[in-house]
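Peer 1: Given the structure of chain A, go ahead and fit chain B onto it with the hints provided.
Residue-level listing of the chains:
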Amino acid sequence: MKEIHVNQIVDAVEALCMKAAYDLPKDAEDRIAACAKQEESEFGKYIFDQILENVRYARENDYPICQDTGAAVFFIEVGQDVHITGGSLEDAINEGVRRGYTNGYLRKSMVIDPVFNRKNTGDNTPAIIHTFIVPGNELKITILPKGGGSENMGKLAMLPPSAGLEGVKKFIVDAVKTAGGNPCPPVIVGVGIGGTMEKTTLLAKKALARKVGEPNPNPQYAQLEKELLEEINNTGVGPQGLGGRITALAVHIEYFPAHITGLPVAVNLNCHAARHAEVVL
Amino acid sequence: MSETKKITTPLTDEVIANLKTGDRVEITGVIYTARDAAHKRLLEEYAETKKLPFDLKGQIIYYVGPCPAKPGQALGSAGPTTSYRMDAYTPEILKLGLKGMIGKGQRSQEVKDAMVENKAVYFAAIGGAAAIISKSIKKAEVIAYEDLGPEAIRRLEVEDFPCIVVTDAEGNDLYITGPEKYAR
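Residue numbers (the working numbering), protein chains in the order written: chain A, 1 to 281; chain B, 1 to 184.
Derived from the structure by calculation, the hints contain no laboratory data.
Treat the hints loosely; a few may be bogus.
As the list claims (entries may be wrong) - Calculated cross-link-like contacts (lysine-lysine; reagent style PhoX-like; alpha-carbon spacing at most 25 angstroms):
1) B:Lys6 x B:Lys57
2) B:Lys135 x A:Lys19
3) B:Lys6 x A:Lys45
4) A:Lys45 x B:Lys5
5) A:Lys45 x B:Lys135
6) A:Lys226 x B:Lys181
7) A:Lys45 x B:Lys181
8) B:Lys70 x A:Lys19
9) B:Lys139 x B:Lys57
10) B:Lys70 x A:Lys119
11) B:Lys20 x A:Lys45
12) B:Lys57 x B:Lys95
13) B:Lys51 x B:Lys119
14) A:Lys119 x B:Lys40
15) B:Lys5 x B:Lys20
16) A:Lys155 x A:Lys169
17) B:Lys181 x A:Lys169
18) B:Lys57 x B:Lys138
19) A:Lys170 x B:Lys181
20) A:Lys37 x B:Lys181
21) A:Lys177 x B:Lys181
If we strip away everything but chain B, and leave its shape as in the complex, we get:
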């Protein structure tokens, strides 16, 4: 396993070029949460107004529907949700400038092609390690679609948020190469 690479948001092309499938990464800075319901709304809003509730350029979206914060917490438990549910919306979101996604589970070929085209990275966080993941979230505020409850878009300030590069901007995919090594 490689050394941990520390990166900050927003992501530049230079940082992205240096991230390779199988790298362990710690992210610091602002990231945004959105699940499928929020993706659908983002694209509907953009189609109608040509505007978005936040600037996607260079940003990372974390696929998560967190638990409410207990007193003293910035946010409750917050592990990744399954990413394929966002696949239908992702190529269009990438065209709008998104550079990184954090989730879990394999993506479609269309998404991976769009990632290569738009030079973006897909990170996996550990599904079900939600309580310790929330330790790296220092601040959270809902910035759009509050009526979606846990699925609302939140702006998170994170410090050393741990994840693994699964698909890099060249389209290499650890969900394919990893299991191949251990299949009998």
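Isolated chain A (complex conformation):
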């Protein structure tokens, strides 16, 4: 049994919030740079240049890459041999977010109530926390700050099994095409297939936490990711929706067994600022 005090979690989360906002991970930057070389449109090339310059400028000066520093989405893997002491895990994460977003000069984007009281909470809490119990004695914290523009373009379909592979592909490509310039393309397309309604949307979100462009280990799904990327890039939407070769940087699919009656599919889009950061305690 390993003991982890909540203060360690607060400190780690504070640092993660800032790191994620300022410092685009290498995998995302490398993928953007590789795709930039394939872009043919003049506006597309200009936009790629600006995006890459912005990434470097933000990193060098500790400035947020994007003003939408997101809802603070967390994936927490708690080893079953870990004992958290000194308080609650949820409170510790929210305290870390409060400090990280305040001390890091990040934008606070959460409102108190979605319908009846849209007043800003003032410190970007509450965080959106997904916790998983896993074997081992480590606590792994992953933050995926999620911008609203791309999040709003998410889609869910509870398809009938008769829709099959073609139905799944059509739904995904249409979702990206209809989104157009809204989610700040070039995007990363997170896809969940299977499970139940909430499972498939969570899979789509989890797919966005993968290293950008890393294929699914299952060769059938890796192939599907490749085909979808090609079809999406053939829509012509292009960088920022102004037309071009590159609409998406990558398609990431996560799948799960499904009920005999269903074929759920969820699409969760992420902008090119594919921010994520993780730490293991």
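Peer 2: Chain B alone, transformed into the frame defined by chain A:
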């Protein structure tokens, strides 16, 4: 890609007539920030008092909710937010004299029709290039609805603020013509 056109605010009809879909533009002068929450309040305030916290005539509204300024900055990172959320309010705002909007993403047909009617322009700034965009913002002050936090209305002084004309005053739309060229 065309030469960059340098323009200053407030916008005159002459300047607007010269801006065409696909032009790269650099804006210098005063612009105002407002997102959907501020648009809603502006129209509520106008309905009640027939007054607005700033004169909209000839002005540009930038759809942005910026990050707080770090020491030494006028304003923190400040890229565009998605424009369709303002569509419900835009035709009425245009009637009050607004001439330009900066945001990202496609607008409704109602907005585009209202732009033609009122001779206004819609510019796109690059979503997610927020840190370098903030370099062109030299001064920022909250002038209304401070309680909205990042969504408050700010008066910005900008120099060579970079953007692209997406929809001109004739209703041409790069979000339609651009992708058509590259669709396979």
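Peer 1: Against this structure, judge whether each hint is valid.
Peer 2: Structure-based check of each hint:
Under the criterion of a C-alpha separation no larger than 25 angstroms, the hint pairing Lys6 of chain B with Lys57 of chain B is consistent with the structure, at around 20 angstroms. At most 25 angstroms may separate the alpha-carbon atoms for a hinted pair to count; Lys135 of chain B and Lys19 of chain A meet this at roughly 21 angstroms. At most 25 angstroms may separate the alpha-carbon atoms for a hinted pair to count; Lys6 of chain B and Lys45 of chain A meet this at roughly 21 angstroms. Restraint check: the Cα-Cα separation between Lys45 of chain A and Lys5 of chain B comes to about 19 angstroms, which is no more than 25 angstroms; the hinted pair holds.
Restraint check for Lys45 of chain A and Lys135 of chain B: satisfied, since their Cα atoms lie roughly 21 angstroms apart, inside the 25 angstroms limit. Between Lys226 of chain A and Lys181 of chain B the alpha-carbon distance is near 23 angstroms, which keeps this suggested pair within the 25 angstroms criterion. Taken as a hint, the Lys45 of chain A and Lys181 of chain B pair is honoured in the structure, with Cα atoms around 15 angstroms apart against an allowance of 25 angstroms. Between Lys70 of chain B and Lys19 of chain A the alpha-carbon distance is near 16 angstroms, which keeps this suggested pair within the 25 angstroms criterion.
Straight-line distance between C-alpha atoms of Lys139 of chain B and Lys57 of chain B comes to about 21 angstroms, which keeps the hinted pair within the 25 angstroms bound. Of the pairs offered as hints, the one joining Lys70 of chain B and Lys119 of chain A holds, with about 24 angstroms between alpha carbons and a cut-off of 25 angstroms not exceeded. With a C-alpha separation of about 20 angstroms, the suggested pair Lys20 of chain B and Lys45 of chain A falls inside the 25 angstroms cut-off, and the hint holds. Taking the CA atoms of Lys57 of chain B and Lys95 of chain B, the gap is about 10 angstroms. The hint holds against a cut of 25 angstroms.
A threshold of 25 angstroms between alpha carbons decides the hint, and for Lys51 of chain B with Lys119 of chain B the separation of about 22 angstroms falls inside it, so the pair holds. As the CA atoms of Lys119 of chain A and Lys40 of chain B are separated by approximately 14 angstroms, the hinted pair is consistent with the 25 angstroms bound. With a C-alpha separation of about 10 angstroms, the suggested pair Lys5 of chain B and Lys20 of chain B falls inside the 25 angstroms cut-off, and the hint holds. At most 25 angstroms may separate the alpha-carbon atoms for a hinted pair to count; Lys155 of chain A and Lys169 of chain A meet this at roughly 13 angstroms.
A distance of roughly 23 angstroms separates the Cα atoms of Lys181 of chain B and Lys169 of chain A; the hinted pair therefore holds under the 25 angstroms criterion. Among the hinted pairs, Lys57 of chain B with Lys138 of chain B is consistent with the structure: their alpha-carbon atoms are about 22 angstroms apart, no more than 25 angstroms. At roughly 21 angstroms between alpha-carbon atoms, Lys170 of chain A and Lys181 of chain B fall within 25 angstroms of each other, so this suggested pair holds. Taking the CA atoms of Lys37 of chain A and Lys181 of chain B, the gap is near 19 angstroms; set against the 25 angstroms cutoff, the hint holds.
Between Lys177 of chain A and Lys181 of chain B the CA atoms are separated by roughly 15 angstroms; this keeps the pair inside 25 angstroms, and the hint holds.
Violated hints: none; the structure is consistent with every hint.
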